[in-house]
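Given chain A, put chain B in place with the hints provided.
Number of protein chains: 2
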Amino acid sequence: MYRTHNCGELRISNIDNEVTLSGWVQRVRKLGGMTFVDLRDRYGISQLVFDENSSEELKNKVDELGREYVIKVSGKVIERASKNKKIPTGEVEIVVDTLDILSKSDTPPFTIEDNTDGGDEIRMKYRYLDIRRNPVRSGLELRHRVAQEVRRYLDSQNFLEIETPYLIKSTPEGARDFIVPSRMNPNQFYALPQSPQTFKQLLMIAGCDRYFQIVKCFRDEDLRADRQPEFTQIDCEMSFVEQDDVLNTFEGMTRHLFKTVKDVELADFPKMTYADAMKYYGSDKPDIRFGMRFVELKEIVGGKDFVVFDSAEYVGAICAEGCAEYTRKKLDALTKFVQKPQIGAKGLVYVKYNADGTFKSSVDKFYAQEDLAKWAEATNAKPGDLILVLAGDKAKTQSALCELRLHMGNELGLRDPEVFAPMWVVDFPLLEWDEDSNRYHAMHHPFTSPREEDIELFNTNPGEIRAKAYDLVINGVEIGGGSIRIHNTELQKQMFKHLGFSDEEAEEQFGFLMDAFKYGAPPHGGVAFGFDRLVSMFGGSESIRDFIAFPKNNSGRDVMIEAPSMVADDQLKELNLNIIKVEQED
Amino acid sequence: MYRTHNCGELRISNIDNEVTLSGWVQRVRKLGGMTFVDLRDRYGISQLVFDENSSEELKNKVDELGREYVIKVSGKVIERASKNKKIPTGEVEIVVDTLDILSKSDTPPFTIEDNTDGGDEIRMKYRYLDIRRNPVRSGLELRHRVAQEVRRYLDSQNFLEIETPYLIKSTPEGARDFIVPSRMNPNQFYALPQSPQTFKQLLMIAGCDRYFQIVKCFRDEDLRADRQPEFTQIDCEMSFVEQDDVLNTFEGMTRHLFKTVKDVELADFPKMTYADAMKYYGSDKPDIRFGMRFVELKEIVGGKDFVVFDSAEYVGAICAEGCAEYTRKKLDALTKFVQKPQIGAKGLVYVKYNADGTFKSSVDKFYAQEDLAKWAEATNAKPGDLILVLAGDKAKTQSALCELRLHMGNELGLRDPEVFAPMWVVDFPLLEWDEDSNRYHAMHHPFTSPREEDIELFNTNPGEIRAKAYDLVINGVEIGGGSIRIHNTELQKQMFKHLGFSDEEAEEQFGFLMDAFKYGAPPHGGVAFGFDRLVSMFGGSESIRDFIAFPKNNSGRDVMIEAPSMVADDQLKELNLNIIKVEQED
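Keeping their order, the protein sequence lines are chains A and B. Quick note on numbering: our numbering labels position 392 of the first sequence as 392, and the sequence is numbered without any gaps. Quick note on numbering: our numbering labels position 540 of the second sequence as 540, and the sequence is numbered without any gaps.
So here's chain A without its partners, still in its complex pose (with noise of 0.2 Å):
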């Protein structure tokens, strides 16, 4: 037997005991006669003791060992002399009887701490290293916890959890897929999942009535940062619900998960309009954790002379409380973080609102006291606050006053990442304008049900649609989006006509799912999580990576295990192959 107890068990109800544990070396401390040995596992870390009673051949074998050796101990449970109050196996030691060398270690290419040595390269290349951190082990202890709250909670409300196939068909639409040569059925190739959709729309129709699954998808993008070809949704739809059924249950989930995993009672999540979300946070993602929300200025700015505004299309404002005592050289700096490209604001407008009941601004030139005034009323500024005021085309200034309320919330520290704000973000567009195609796409999916008093606007201004589609935002993070799916067969072929298909065209993509909905389709909607971002958020990090196993790098490529690789001619050739061989870099 390998051990009685872990590494993190032992306690001083457990003195006099007589135990065996297996673990890691994490340390070996030598005090006068006396040897110290951190014996670690998953569970948490025992101390040896190894004292001048021990055997020559037990001391011998200790001044063997080197950190990460695996070994199995036993001895007897003792009380500390000096207690260690920060672990909870720190009251009590082990006096070892008997000492087994279970496997050697080359010394490690980096230190197994909380702080570790090892850059990010090296890390990935030893993954398997890396993950006897308790950081990175803590992550996917997380992740673990996090997928069973999350299907014991759907299980309870009657979802089943139902395989969809991964090896489908390849759709031209949306993103590229990952397609897998078929050798039985010669030239001809599977694809990848990009997500389960259309299955789970099938899944409806089959009359499954509530349907979930966490499920691996796979997309073949150029990898922006922190974006992985293969990750993980929570995939979930349910039949005769409206948007309200569906925003309820997952609330319920939502809350349910950070009460189980995280002991926090959320109150009800606010619903915003699209709308509101861009008019107030110029974002589909507002962070609400702070308020601070956009006050239009242009109608009150006008007619000063002031080229920079008269002539903009939206002028907009920041009230950032207590803030007037900002320096030259600080708002300098907010002045360059607008300018800077991924931003693309030209300039920044602030007003200081002193204590004094006094204005100073950057355009006093063109505005008195009493006009600033006008400014402060609307913004809600006190005495002892900073507005600040962008101006320029309508999308691009709110785009960027967005960013830099975020800046503002950070600075003042009004974005804790132990606090937690979710929001529903609701009345998507059901279109948007494509200029490269000129012609309008689906901004969800197809399948996105329009809302009923809408409908008419197709024949007028498909652009002011508005979907029954919507977000689970948390913190300003979109954690999850679904909607109602068109179930009528009749609105669905408008829906396609509008989007630029030909009958042929939606019948060779999606034949089969038209083809089903004439049997019987029941009214249905969904709605998919980002299993990888739901859970670092719970972890409280912004990198999707820690909370991942195996992840790959910006390249799609897993450099411990390399992959992708070369693969044998024959194996290519068995597939009908050739390569078009292309120059490597390296």
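Read the hints as simulated data drawn from the structure, not as lab findings. Some hints here could point you the wrong way.
Chain copies aren't distinguished; within one or between two, either way the pair holds.
Here are the simulated lysine-lysine pairs, PhoX-like style, with alpha carbons at most 25 Å apart [said to hold, decoys possible]:
(1) Lys-497 to Lys-104
(2) Lys-216 to Lys-346
(3) Lys-518 to Lys-104
(4) Lys-85 to Lys-360
(5) Lys-330 to Lys-216
(6) Lys-216 to Lys-72
(7) Lys-86 to Lys-30
(8) Lys-493 to Lys-125
(9) Lys-72 to Lys-493
(10) Lys-365 to Lys-329
(11) Lys-330 to Lys-360
(12) Lys-518 to Lys-61
(13) Lys-125 to Lys-518
(14) Lys-72 to Lys-271
(15) Lys-394 to Lys-85
(16) Lys-72 to Lys-518
(17) Lys-493 to Lys-104
(18) Lys-262 to Lys-86
For chain B alone, kept in the frame of chain A given last:
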């Protein structure tokens, strides 16, 4: 709101409630002025009534209804005049006030009934309609339930569910990989995992201690009946364990599943060595729901000038209780059975132990009554029993006798699908000789540990080495298997050498795992269960396809979505691939 209740929910206690239901029209029956509609959803069937008091508008709408229409109705629950005791809602019906047709349906291509008129092929093409049928839907519900209970149990035992990657590296060993061309890494390919074997071992080296996953695996094999190119595995691994720790843990899990899913209490699982399984049952997956063990007769049948037995390597018998009365016709049928090419015996010898104590055999010419009495003694036969004997080459004859035994078990009703006889088969051979390559192959996989006491046989008789490998067998079906792994680099090298790997080959194929072993590998072992097979056993069926939502056919095709399919030339170009055109047959 689409419903206040589902279609399986209403009871006598709901009488006088005003309710709203939604679902599919299962059946419309007219009876005088009344119309009865059976409304179906996942949860059950409710009876709707439209009578002479219904409005003309309502009557007209009811006349429109056809099978599989999706409707929403509101009305009052009343007690039925003639109750249907067969269904839980059979005591009540709903007198409908309002009816909305939510979706119409074309006439489905087969009847949506427990016993459908649809053949296999059409049901696969319209799988979403097939799933509406109770037997298919309840198979998916069973699968869901088993999956939840697997996770609940393993979570309670400190296992972490950890997702391993799907885009991995191709290895030439074992079955064929599906490969996935990489666009970002030109001319390189990922492979889809045949199992997460190496990753779970890395997770043990990473200190995760206990891992599991319910995970899709992929094998590009020519499909035998009831094999799928993608299949699901319950994959598990544990650190610091001996074989018995693994067996006890998964015996516990199996017992938990039987208890929670089928309300069956299982006794302790017997363990049988591979050698005994072959000796007594001629199979490494014996069905021990019944006895009829093999008895070797070679020693007592010789020297009587019966050349068939005298020249045979092996003479084996089974005793079929109470079958002495078998007619000539039945015995001929048994002979034909064993002579079928897939069974392959030359002939069958029988001995009837008559009720009067005499013997009648097919070899009376060679054997006297006292000879046959010895056979009866050896096989424990009693008057009234029938002894069946096969002879020939040992392996082939044992295999044929195994088939005969199972056949007799079926004939005698000894293989009740509602009786469950689990067992562990242990001590599998480590290596098996491969005639083609003229060398030993790993019977399980190259990381399986030999039993310590057998290691010295590497130099004398490698075929005799027993592995720490085990299978869970239930009712003659292999449900899972696994092994204790080698965690010692030296032993692993020795193993590779005996398997005929050069150091370079071992390094190329398993380099990253061998590297990992250098940094302190704990003793570890695990098991993998065929989830599709496990669920189908719980469902009392031999076909796994019924328990997969969207299975593929024997050519690896999904006939519903028509995958695999041709892809656009652009897609191949981006991947730097040319296809070698193959003439299509159809």
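Here is how each hint holds up against the structure:
Taking CA atoms no more than 25 Å apart as the test, Lys-497 paired with Lys-104 passes between copies only; the shortest distance there is 22 Å, against 67 Å inside one copy. In this assembly of identical chains, the alpha carbons of Lys-216 and Lys-346 never lie at most 25 Å apart, being 43 Å within a copy and 52 Å across copies at closest. In the homo-oligomer, the alpha carbons of Lys-518 and Lys-104 lie at most 25 Å apart only across protomers (7 Å), although the nearest pairing inside one protomer, at 65 Å, exceeds that limit. Taking the closest pair of Cα atoms, Lys-85 and Lys-360 never come within 25 Å of each other, the shortest separation being 55 Å inside a single copy and 84 Å across copies.
In this homomeric assembly, Lys-330 and Lys-216 never come within 25 Å of each other (Cα to Cα): the closest approach is 45 Å inside a single copy and 55 Å across copies. Taking CA atoms no more than 25 Å apart as the test, Lys-216 paired with Lys-72 passes in neither setting, with 38 Å inside one copy and 35 Å between copies. In this assembly of identical chains, Lys-86 and Lys-30 lie within 25 Å of each other by CA distance solely inside one copy; the values are 21 Å within and 77 Å between copies. For the identical chains of this complex, Lys-493 and Lys-125 are inter-copy neighbours only, at 23 Å across copies versus 51 Å inside a copy, given an alpha-carbon limit of 25 Å.
Only between protomers do Lys-72 and Lys-493 lie at most 25 Å apart by alpha-carbon distance; the minimum there is 24 Å, versus 68 Å within a single protomer. Within a single copy, Lys-365 and Lys-329 get their C-alpha atoms as close as 21 Å, which meets the 25 Å cut-off; across copies the closest is 116 Å, which misses it. Taking the closest pair of Cα atoms, Lys-330 and Lys-360 come within 25 Å of each other only inside a single copy of the chain (15 Å); across copies the shortest separation is 109 Å, beyond that limit. For the identical chains of this complex, Lys-518 and Lys-61 are inter-copy neighbours only, at 19 Å across copies versus 75 Å inside a copy, given an alpha-carbon limit of 25 Å.
Taking the closest pair of Cα atoms, Lys-125 and Lys-518 come within 25 Å of each other only across two copies (14 Å); inside a single copy the shortest separation is 52 Å, beyond that limit. With identical chains, the CA atoms of Lys-72 and Lys-271 are never at most 25 Å apart, being 57 Å at best within one copy and 28 Å at best between copies. Neither within a single protomer nor between protomers do Lys-394 and Lys-85 lie at most 25 Å apart by alpha-carbon distance, with minima of 57 Å and 67 Å respectively. Taking the closest pair of Cα atoms, Lys-72 and Lys-518 come within 25 Å of each other only across two copies (18 Å); inside a single copy the shortest separation is 66 Å, beyond that limit.
For a Cα distance limit of 25 Å, the shortest separation of Lys-493 from Lys-104 across copies, 16 Å, qualifies, whereas the shortest one inside one copy, 67 Å, does not. Taking the closest pair of Cα atoms, Lys-262 and Lys-86 come within 25 Å of each other only inside a single copy of the chain (21 Å); across copies the shortest separation is 47 Å, beyond that limit.
Hint compliance for this structure: hints 2, 4, 5, 6, 14, 15 are not met, and every other hint is.
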